[in-house]
Amino acid sequence: MSGRVFLLGDGVSTDAIMPGRYNVTTDPDALRRACLIEARPDFVETVQPGDVIVAGRNFGCGSSREHAPLSIKRNGVAAVIAASFARIFYRNAVNIGLPVIRCADAHRVLRDGDEVTVDALTGTIATRTTTLHGEPPSGVALRIIEAGSLVELIRRGGGWSALEERRVS
Amino acid sequence: MGTITEELFSRRLGRPVHAGDTVIAEVDVAMAHDVTGPLAIEAFRTLGLPLWDARRIVFSFDHVMPANTVAAAELHRVIREFCVEHTITNLFAEGICHQVMVDRRLARPGGIVVGADSHSTTYGALGCFATGLGSTDIGVVFATGKTWFRIPETIRIDVRGALPPGVYAKDLALHVIAQMGADGADYCAVEWGGEAVAAMSVDERLTLCNLSTDFGAKTGIVEPDSVTFAHAGGEPVELPPVRPDYARTLVVDAARLRPQVAVHPSIDNVHDIDDVSGTPLDEVFIGSCTNGRLSDLAIAASILSGRTVHPRTRTIVVPASRGVYLDALSAGYIEIFARAGALVLNPGCGPCLGRQHGVVGPGERVLSTSNRNYPGRMGSPDAQIFLASPAVAAASAFAGAITDPATLEPVA
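Heads up: the protein sequence lines correspond to chains A and B, in order.
Oh and the first sequence: position 136 is 136 in the working numbering, straight run, nothing missing.
Oh and the second sequence: position 185 is 185 in the working numbering, straight run, nothing missing.
Hints were generated in silico from the structure; no laboratory data involved.
Be aware that a few hints might be false.
Some chain A residues close to chain B (C-beta under 7 Å, calculated; not the full set) [what the hints assert, rightly or not]:
hint, residue
1, SER13
2, PRO19
3, LEU150
4, LEU153
5, ILE154
6, ARG155
Here the structure is a predicted model, which means the values were calculated and not measured.
Even glycine gets a Cβ: it sits at the ideal position worked out from N, Cα and C.
If we strip away everything but chain B, and leave its shape as in the complex, we get (with noise of 0.2 Å):
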């Protein structure tokens, strides 16, 4: 028995597979999205080979949705156009990619899913293979349905203990991308496991693998449980690793765990929240691939209920995807965020790139539930963007600083 990766390709090829061996794997699935989809497109058009299958391909407007150039105007109509020539029905603009291949049950346990976007990873918390590539590869798939595959290392991380009240997936991750360095995990596959994990919504685990690409990794997974059987329906896939080979094992204690902050410029300078407390903040955004699902949205919603955001502090939420944003609705989450003063937008991409709304400007300070800090990323270079929680995001909105929500006092 290898590691959950040996044992999904070992099933995939009907042979044993290794760390190490390269192969050739034909997907379940691949999806690209509105700025990656039509360089793919334009790789299927010049290989002159018939489509694969037009029932695996997967398309999502997401990046710039709706369009707010003429630019991303044309990208959309690319790929309409693309998907009327080949009969393609899988053509979303209900949110971000990651999100709606979770909400339409297109990543299954004990698959093996690939999307032009590096955060595809985050399929990986149902029990699959998942992993980002290039335009150029994504095309390859629309035509031969395969990739190539080196088969890679495992690391596990083995979160013994429970999370303490106000610690979530977000701290954890964060924690050990500060532990394993930005690119700790290059070309492995992560596996989270352990007590706190099994412990974790699905809503979690996808923030777990969400973030495993940011400190380099291939693909994050998590062993799939009844949790997962629960949320993905089907039949169980047994995917028992007895004795896998790990290259390595971190162990984290979660109880000692407190919220962290990723500081300006790498995700990897990662500080205890009372390190940078008090920093104020011209914008909060709430939302995105990692931190927008509805269960992050509970947890703002929670906080900033009875409160107002600061007047210097413009606050962003937005739904990771319309199945979000409905039951959101139902929830009364949105009206929360209406009347504490923040901006809801439509289910997307949002603030996380820079690219369509949200853009923050030079010498401005942002504090994000994104997954990238990049300089240069949500707009100026000159902007510094903290990476943390939704508790975190949402306490800090209604303070204007960065702020543990520990420390609120209750609402009167």
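Same shape as in the complex, but just chain A (with noise of 0.2 Å):
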């Protein structure tokens, strides 16, 4: 999937992506809406199906508020690329659908508005000129991602027994 890059900082708490006072809703569209309204006003209006996000260290810190990568999704965001997450991000994130991709140095490599074209279950993050290879999610959360989410893998599974039976390692 190809699109445009928006890059963020490191440490981009929930707090930013999902400001306390907009996330008082399971609407989803009132989420959409909200995602990033103060750290980066111009997102909302200007993404499209396919762009990602690429940020530096302990993307999505803080609150454990799923309200966070759910408004990223709704907006149709293809993936977010940061060097490294935080921990309950990253399970929420997965759990929803919502593809992520570790990669050391695409917030560095990478520009703003770059075009590039990300494989997220490869970890490949490609534009015209440089090919960076990201870590996409392995093991239970791989798992978790093929069947498209957490509540999908259960419900099918009647269950955790198709993880219990593999004796997940």
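Reconstruct the complex from the two isolated chains, following the hints.
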């Protein structure tokens, strides 16, 4: 999938992605409109399906609010690529089927507005001049991604049995 | 023998597990609050599975309690109806979820507890494995009682010696966060130990484990001891980590610590108080799941007794829970705060997350005893948030500027 890069910095918190004044709702469209509303006010107006967010370290730190990855997904973002992710954000993104790729260099190599082609399953990030190899989810997270979401994985299996039988490791 | 985390999971699963293993384990309790709860309920409903165990599911109205908007009231309605439908009686509106979990003995030593809030690490202070998850994960627990865990490596924080007078668990945690960085414990368990931690009350240990998530930890944990069981009651759980294999050990000399202040815009931007003293303040907030407990209010009251807060500094005090509120009333602290000119609000999350009251405006400076100073956390992204102990907060409220309590003249 191809799209443009929205470049963000280090330590983008879930408060920056979805300020606490905007997530007192489960309405998907209200959440979509509030995405990065203060940290990147042009985001919601200009983002197109297939665009990607590229950031530095500790993306999604802070509150467990799943409203943050939901709002990114609802804007049609194809993947979030970051040097590192905060634990709960990463898990939430995987659970709802928002592709996440760890890549140490993307935020240094790519510039805001660059056109990139991203393969969320292999972690490959390509521009016209360079190709970066990020780390896509693996293990249980990959199983969830393959199923589409955690809810789908559990719903289809009637519980955790599919994963328990494999003695996940 | 492994780390405390390895021991807890090995017991739960009936087989030895080690850091790096991925396991699916049953939890003891799953908690959600008024903002994360409705999304968890949506996930649960989509699964179409029966409820796991009504007795082990907990909801707490705290982030927007009482509701300040129609939207917030709607979230409460969704949760109330879900609890009626599934005969869930653990629905509380009496303070911050994490303090309610402690007050009501819902988090127990030796247990595994998950909550749809990042500060669910708090209960590790009672010697359980406690971690925060998102709403979907918690919704799946509502149906299955289980979730998946990657057993984390453990970082040991070994705090030697004794904290000096006027230096508290909050200062220790901020100092450690400064050493480690805001993502320094990513995906790890943080085990707090050593003489200074052994000497701490449960309240102070809760502060340490609460702040563990704010440098990335999956859980904060304190080995349960006589202090834990005096608080929790019940039979002591033996957890002897004989030669635990720590990923890293950080040694802290407690005696050298000074009061610490985390300065806008990140929690690892920590300074000795002398570097920032004199910074004028528009607001002081004393409360939160980090520092809204009785011992915190006692410290603040001891400083504000016989004093009044500075006219330029609106001062907001929020007991963490109804239990804390009642104890603070009995002890006379609430009257001290009211006479000092502070606004005492109902138990809950208060101004911490800029959602309900005490919201800060552009260009304002606020000193808070809470846990996050990200831009926009407490209101305007152009406000500056400083984090410190209740002692520094109370002294600063009086002086109208960041102040080391040790420098205050005695009350005449």
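Going through the hints against the structure:
1. With 7 Å as the threshold, the beta carbon of SER13(A) comes within range of chain B, its nearest partner Cβ sitting at about 4 Å, so the hint holds.
2. Hint status for PRO19(A): holds, given a least beta-carbon distance of 5 Å to chain B, under 7 Å.
3. Interface restraint check for LEU150(A): the shortest CB-CB distance to chain B comes to about 5 Å, inside 7 Å, so the restraint holds.
4. The closest approach between the C-beta of LEU153(A) and any C-beta of chain B is roughly 9 Å, which is over the 7 Å cut-off, so the hint fails.
5. The interface hint given for ILE154(A) is met, as the beta carbon of that residue sits about 5 Å from the closest beta carbon of chain B, less than 7 Å.
6. Because the beta carbon of ARG155(A) sits about 5 Å from the nearest beta carbon in chain B, less than 7 Å, this interface hint is met.
Checked against the numbered hints above, the structure violates only hint 4.
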